[in-house]
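Below are the chains, spelled out letter by letter.
Protein chains: 2
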Amino acid sequence: MILVLAGGVGGAKLANGLAKILPPEDVLVAVNTGDDFVHLGLHISPDLDTVIYTLAGMNNPETGWGIAGETWNAMAMLERLGGETWFRLGDRDLATHIARTERLRKGQTLSEVTAEFCRAWGVRHRIVPMTDHEVATVLHTDEGLLSFQHYFVRRRCEPRVNRIDFVGAANAPPSPAFAAALADPRLRAVVFCPSNPYLSIQPILSLAGVRHALENLSAPVVAVSPLIGGAAVKGPAAKIMRELGNTPSTAEIARFYLNLVDGLVIDDRDHDLGPCIAAMGLRVCISDTLMNNVADQMQLAGKILDFISSIATSAPANTSPNSCSPPSSPVVSNPTSRGPR
Amino acid sequence: MILVLAGGVGGAKLANGLAKILPPEDVLVAVNTGDDFVHLGLHISPDLDTVIYTLAGMNNPETGWGIAGETWNAMAMLERLGGETWFRLGDRDLATHIARTERLRKGQTLSEVTAEFCRAWGVRHRIVPMTDHEVATVLHTDEGLLSFQHYFVRRRCEPRVNRIDFVGAANAPPSPAFAAALADPRLRAVVFCPSNPYLSIQPILSLAGVRHALENLSAPVVAVSPLIGGAAVKGPAAKIMRELGNTPSTAEIARFYLNLVDGLVIDDRDHDLGPCIAAMGLRVCISDTLMNNVADQMQLAGKILDFISSIATSAPANTSPNSCSPPSSPVVSNPTSRGPR
Numbered sequence: 001m002i003l004v005l006a007g008g009v010g011g012a013k014l015a016n017g018l019a020k021i022l023p024p025e026d027v028l029v030a031v032n033t034g035d036d037f038v039h040l041g042l043h044i045s046p047d048l049d050t051v052i053y054t055l056a057g058m059n060n061p062e063t064g065w066g067i068a069g070e071t072w073n074a075m076a077m078l079e080r081l082g083g084e085t086w087f088r089l090g091d092r093d094l095a096t097h098i099a100r101t102e103r104l105r106k107g108q109t110l111s112e113v114t115a116e117f118c119r120a121w122g123v124r125h126r127i128v129p130m131t132d133h134e135v136a137t138v139l140h141t142d143e144g145l146l147s148f149q150h151y152f153v154r155r156r157c158e159p160r161v162n163r164i165d166f167v168g169a170a171n172a173p174p175s176p177a178f179a180a181a182l183a184d185p186r187l188r189a190v191v192f193c194p195s196n197p198y199l200s201i202q203p204i205l206s207l208a209g210v211r212h213a214l215e216n217l218s219a220p221v222v223a224v225s226p227l228i229g230g231a232a233v234k235g236p237a238a239k240i241m242r243e244l245g246n247t248p249s250t251a252e253i254a255r256f257y258l259n260l261v262d263g264l265v266i267d268d269r270d271h272d273l274g275p276c277i278a279a280m281g282l283r284v285c286i287s288d289t290l291m292n293n294v295a296d297q298m299q300l301a302g303k304i305l306d307f308i309s310s311i312a313t314s315a316p317a318n319t320s321p322n323s324c325s326p327p328s329s330p331v332v333s334n335p336t337s338r339g340p341r
Numbered sequence: 001m002i003l004v005l006a007g008g009v010g011g012a013k014l015a016n017g018l019a020k021i022l023p024p025e026d027v028l029v030a031v032n033t034g035d036d037f038v039h040l041g042l043h044i045s046p047d048l049d050t051v052i053y054t055l056a057g058m059n060n061p062e063t064g065w066g067i068a069g070e071t072w073n074a075m076a077m078l079e080r081l082g083g084e085t086w087f088r089l090g091d092r093d094l095a096t097h098i099a100r101t102e103r104l105r106k107g108q109t110l111s112e113v114t115a116e117f118c119r120a121w122g123v124r125h126r127i128v129p130m131t132d133h134e135v136a137t138v139l140h141t142d143e144g145l146l147s148f149q150h151y152f153v154r155r156r157c158e159p160r161v162n163r164i165d166f167v168g169a170a171n172a173p174p175s176p177a178f179a180a181a182l183a184d185p186r187l188r189a190v191v192f193c194p195s196n197p198y199l200s201i202q203p204i205l206s207l208a209g210v211r212h213a214l215e216n217l218s219a220p221v222v223a224v225s226p227l228i229g230g231a232a233v234k235g236p237a238a239k240i241m242r243e244l245g246n247t248p249s250t251a252e253i254a255r256f257y258l259n260l261v262d263g264l265v266i267d268d269r270d271h272d273l274g275p276c277i278a279a280m281g282l283r284v285c286i287s288d289t290l291m292n293n294v295a296d297q298m299q300l301a302g303k304i305l306d307f308i309s310s311i312a313t314s315a316p317a318n319t320s321p322n323s324c325s326p327p328s329s330p331v332v333s334n335p336t337s338r339g340p341r
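So the protein sequences, as listed, match chains D and F. For the first sequence, the working numbering assigns the number 1 to the initial residue and increments by one for each residue that follows. For the second sequence, the working numbering assigns the number 1 to the initial residue and increments by one for each residue that follows.
Treat the hints with caution; some may be incorrect.
Same chains, same label: a pair holds when it works inside one copy or across any pair of copies.
To be verified - Below are the DMTMM-like pairs computed for lysine to aspartate or glutamate, each with C-alpha atoms no more than 25 Å apart in a straight line: (1) Lys234 - Glu70; (2) Lys106 - Glu134; (3) Lys20 - Glu62; (4) Lys239 - Glu79; (5) Lys20 - Glu116; (6) Lys234 - Asp288; (7) Lys106 - Glu79.
Keep in mind the hints are simulated off the structure, nothing from the lab.
So that you can see chain D by itself, here it is in the shape it has in the complex (with noise of 0.2 Å):
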């Protein structure tokens, strides 16, 4: 069994490359719900819907969030009523908040709650929440504290940040699903998708108890770097970066997982700094990271599948080959990845 740390768009796309060549019950993906906020009285899971629509074939491509063929005559309604129209929610969209809102009120958890509506829009493959307790990303910006979504939809990652907290994530346990896959004799590996490090898989990370189980997981850890080129797919992942003090580029991400990683996947064009990498003491998977359609999805799926086999079946000495990198590749593995640096 895979477990998958996803956030939003780029966690929904690797998710459904893995789910598209494994079977439902050999992954499980757990979603970033720090960015989940009430608005307009609803419970809104964003991430959460982003890897579920994306994983029931809902999902509008072009937007990267909501659902394909969408009306938006609520949403015309409210703006007419003088509603806060910034978070654009789609008339069938409204619906899910409506629903899961409604389900939260009557004390079911956003697992149950995530269960049912994966059963009803007929995804397989397990989604669940990072956590089922109230965890909220808050920026410090110089514009003030901002919780996520008024950061990054109606000031569109605008201000600069200073600091990043996820309010609630140390005293709140991982999902029960989450959580059981963390203790799992059976867990294979555990992927982080090439979601914002530190807005979608950090959340994840700071949970009470998570970081601790990887650090000690016996399975191999891999990341996928979401910069390319030091330039982010999408979202403000390198801004942020330069915000932070630190120079946008797969490196840095490198850095970042240092301790808690056993192996890198970097962009085939970020295939220079595959060396340097190696020497920070990670694997490196070198591929083409971009995910236009599905077959690109399953393309990396694949290739993450092989280098977690690579990782596993290595010895650890640090000459062993990476089966995933092309021959030309320079790079070293190192098989004391996941220590201190």
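Put chain F on the given structure of chain D with help from the hints.
Leaving out everything else, chain F in the frame of chain D:
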């Protein structure tokens, strides 16, 4: 100024007719909110919405509720998710409830929210809730206690009704504008719309002080019978009348309103009940009360205004002819109309 007491469809139609022939400052429509309920976490005010949508020209004339040209994508998705769909909410209509719920949660009164919605939709005639307090119409039936929408929509008025309560009404004051109108010396008349007397008008009359104010009003009070030939144009008025042990007839409507109104508008088809109703002490206006279109609404509204004038100007002698009744009508007017039987 004319104060109009209205329930749903029939109320909306007559209020619209009056609004088409009177300037905005001359009409105040106080609408039943005993049907209001919280459903899917949303505060829904069905009668208020029907009246506002109608005066805004947005109403769906086929259903009698909701918005013309509505889409149903949220409802379809909600159904797929196993949510409650017995109360049909169109996509645009949903925005009304989301916006209302949000504003009530932020501390606005229903009167304030309603005024804002009217402004947003270009409705210049004043439409106000009967009260800003919570009042719930509850039906005692052979299936047990049912709140209004569960009886009316979910159970399609099928259960047999033994009793109707308006929970909270006795302690709920009328809304500020409604209360002000009742005390306004410029009040020219009060009109009870052809709404269900038991379910739509009675809750309004049950509010703290309203019945007393109406009984002591010097301005004429007139009601429009919702029955034609012993049958309701729409809804369960006749059925409930029977279940409560009365004969469904405009004569029974007259008896129901006897101590409150000076005159009753009855349909042409109930022409032969005129003498009976007049003998009960009420002025009678005979008119076509079926409103199939706006022209019908305006015609009935005009007749009612004439009827009001005739009551206001007639000497308190029991021989004054009713200006609204056709010359052939065997109607006898009676000046003691609002006294005890």
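Verification of the hints:
1. Lys234 - Glu70: Within. Shortest intra-copy distance 22 Å satisfies the 25 Å Cα cut-off; inter-copy 35 Å does not.
2. Lys106 - Glu134: Both: 16 Å inside a copy, 22 Å across copies.
3. Lys20 - Glu62: within (20 Å within a copy, 47 Å between copies)
4. Lys239 - Glu79: neither (31 Å within a copy, 42 Å between copies)
5. Lys20 - Glu116: within (21 Å within a copy, 50 Å between copies)
6. Lys234 - Asp288: within (16 Å within a copy, 66 Å between copies)
7. Lys106 - Glu79: between (29 Å within a copy, 18 Å between copies)
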